[in-house]
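*Asks:* Below, each chain spelled out in residue letters.
Number of protein chains: 2
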Amino acid sequence: MISLIGIGSKREHITLKAVDRIKEADAIIAYRPYLEHIQDIIEGKEIYSRGMGDEMARVELAVELEKEGKKVAIISSGDPGIYGMANVYFQIIDKYSNLEFEVIPGVTAATYSASALGAPLHDLAIISLSNLLTPLEEIERKIKHAAIGDLVIAFYNPKSKTRTEPFEVACKTLLEYKNPETPVGIVTTVDGTETVSRICKLKELHDQPIDMNTTIIIGNSMTYVRKGKMITPRGYKVTTQLPELTEQFYEKFFNGDIQIGKNSDCEYFPCHNDQENCTFCYCPFYPCADGSTGGKWITDKNVWNCKNCNWIHKDEVVDEILDYIKENVKSMDDFDTKKKDLLKLRRATIYKTKDLDFNRNYFLDE
Amino acid sequence: MISLIGIGSKREHITLKAVDRIKEADAIIAYRPYLEHIQDIIEGKEIYSRGMGDEMARVELAVELEKEGKKVAIISSGDPGIYGMANVYFQIIDKYSNLEFEVIPGVTAATYSASALGAPLHDLAIISLSNLLTPLEEIERKIKHAAIGDLVIAFYNPKSKTRTEPFEVACKTLLEYKNPETPVGIVTTVDGTETVSRICKLKELHDQPIDMNTTIIIGNSMTYVRKGKMITPRGYKVTTQLPELTEQFYEKFFNGDIQIGKNSDCEYFPCHNDQENCTFCYCPFYPCADGSTGGKWITDKNVWNCKNCNWIHKDEVVDEILDYIKENVKSMDDFDTKKKDLLKLRRATIYKTKDLDFNRNYFLDE
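Chains as they are written, first to last, in our numbering: chain V, 1 to 366; chain W, 1 to 366.
Isolated chain V, as found in the complex (with noise of 0.2 Å):
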């Protein structure tokens, strides 16, 4: 059996069946810093440790062993899937019969660069920069579209010494289609162990410092950054129980009893900014807990602090929601009944506000 084992990019991410899988092992094959991270469980086993770059070789050695009737681990850091070995590996084995082979999936790069970020993930693109065997057309192409997807989007293999084109095509092309503000969380591995991490916006991204073990993730148009992290949004809404002011204004808004638009005789008038649609002065998604929106919470109060939201109060916004209200929303519960339509329906409308906002703050601490 030749088991292709994924240990994740430090000792901590291997996995229970990885360490069975090494530990049954006759023989370990590896790329020779990836040893360190196993060797209280390789004692006496053979070890073939081997530099980058012979891949074949370690594929063919591995066969090799396998027909002496070996157990033999080849051990891959991260993901053997996603630009480890795997391919490789299978375009080889099919050359022979009756050899037994699997992969031992591991912890990649980009779930465990998010761990350090915060939660930067929602759908994704994952991309690796390395031009060595990849035309940069083609890899210029994927990062277009998942940029006008709007995929978060995980470099792999960002920069070396040597490779920095891909690196100055993938900043240059993200820069044309997302917003320079766009948080930005850069994740380095140094000496295999420790782990270091700091969040820029696109705009800067160029110049941070990047190589070889550094993962980039770009956020989508709704990522933000507040206290150090990196968040996006998947569109929950953190409470089911509205506020009593809330529920007060709805029951007016019922009656017929508030003015649809701006309302500047009020006493508060412009609240948030002077071109607003007050409609709806109070929020239908209060506390939405989306940082996106330009809100962050009062620390210790309990209390989400809308003021630089104005998605709300923006005309075509309070038309689509009206609009949906008026048609399917007849009672306070309907609020809780329709409660996913109404938070996909903002969520479009969020979306399109991010179209017309280019230079929204998407860090929220500054």
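Treat the hints with care, since some could be wrong.
One copy or two, either will do: identical chains are not told apart, so a pair holds if it fits within one copy or between any two.
[Unchecked claim] Listed below are the simulated DSBU-like cross-link pairs for lysine-lysine, each with C-alpha atoms no more than 35 Å apart in a straight line: (1) K354 - K227; (2) K45 - K71; (3) K161 - K344; (4) K237 - K45; (5) K237 - K144; (6) K354 - K262; (7) K10 - K23; (8) K71 - K354; (9) K307 - K344; (10) K340 - K330; (11) K23 - K252; (12) K45 - K354; (13) K340 - K161; (14) K71 - K340; (15) K23 - K203; (16) K23 - K237; (17) K45 - K144; (18) K144 - K344; (19) K227 - K301; (20) K307 - K352.
These aren't lab readings, by the way, just hints derived from the structure by calculation.
Given the structure of chain V, go ahead and fit chain W onto it with the hints provided.
*Replies:* Only chain W this time, still in chain V's reference frame:
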């Protein structure tokens, strides 16, 4: 301390750090079925086992327990950052000061499912088909651009008993932009332990048995199936040594003794198909071991059979490669020193012929 812990989709995926954190915890909060995987390491702890859907309640409970000075472990399947609870968790936790929290990454379904299918991944998009909180138009846009960018695509949460529309839209959108013969892998976890996988063609995807425990992996335009495994080649060359007959051919080639274009006088003409360009009678990339060309190994003979590959015999490919060789390859040695540029050129021209050959067979065993 609150630890949000990903345990993958099976017991065997749990990482060493996850085990440590679970063992250290005073209180465990988990969706009920996940507890089975960790039963042996949670004895004697406070267990809060809750159903799906009350994510908010779980986070608030965790905060409450943490404030009492307890170590809390919230258990998530897969990775907490990919459609897990990490995003909501950060949205709420931000309410409080002095809370310690961390995310422990896990093995996500894309990598785990890929390992069951073979090696289908390269640059990829991960997209959830759940439209509970995400507007269907947003999902559709993401699928469209992932398809145009030719990313491998992993679909999470593809379909439930009541939620089938996004899956319909996904199938339709993919068929609009991708070859209907594209290999698709379908991996379902049954009872949280057993893994069932199957491979079909994109045009057959719509009628496959699929549920919420299924992950779907859509190949890119180079993905092929051989011996029941789904493989996406990354562009490596599997040998560095050219075979002897090939060497002899290229000696003649460099002496100008090779006929450019169709050689219908050859006794073997047409050896593959009747419109071929014979310039590269011996392929400079032999044996490429790349099934996306239609070639395959003759098992146990170490012979690569290119009978079904016509890529290197297409006029437009010959022109491009010939131009490069005339400019850059002056001797046999240059095949090695220029290897990476040649492989990139190869990949770029294969891409172009993929666009031409919309009905290529990617299922090599058929």
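*Asks:* Which earlier hints turn out false for this structure, listed by number in ascending order?
*Replies:* 8, 11, 12, 15, 17
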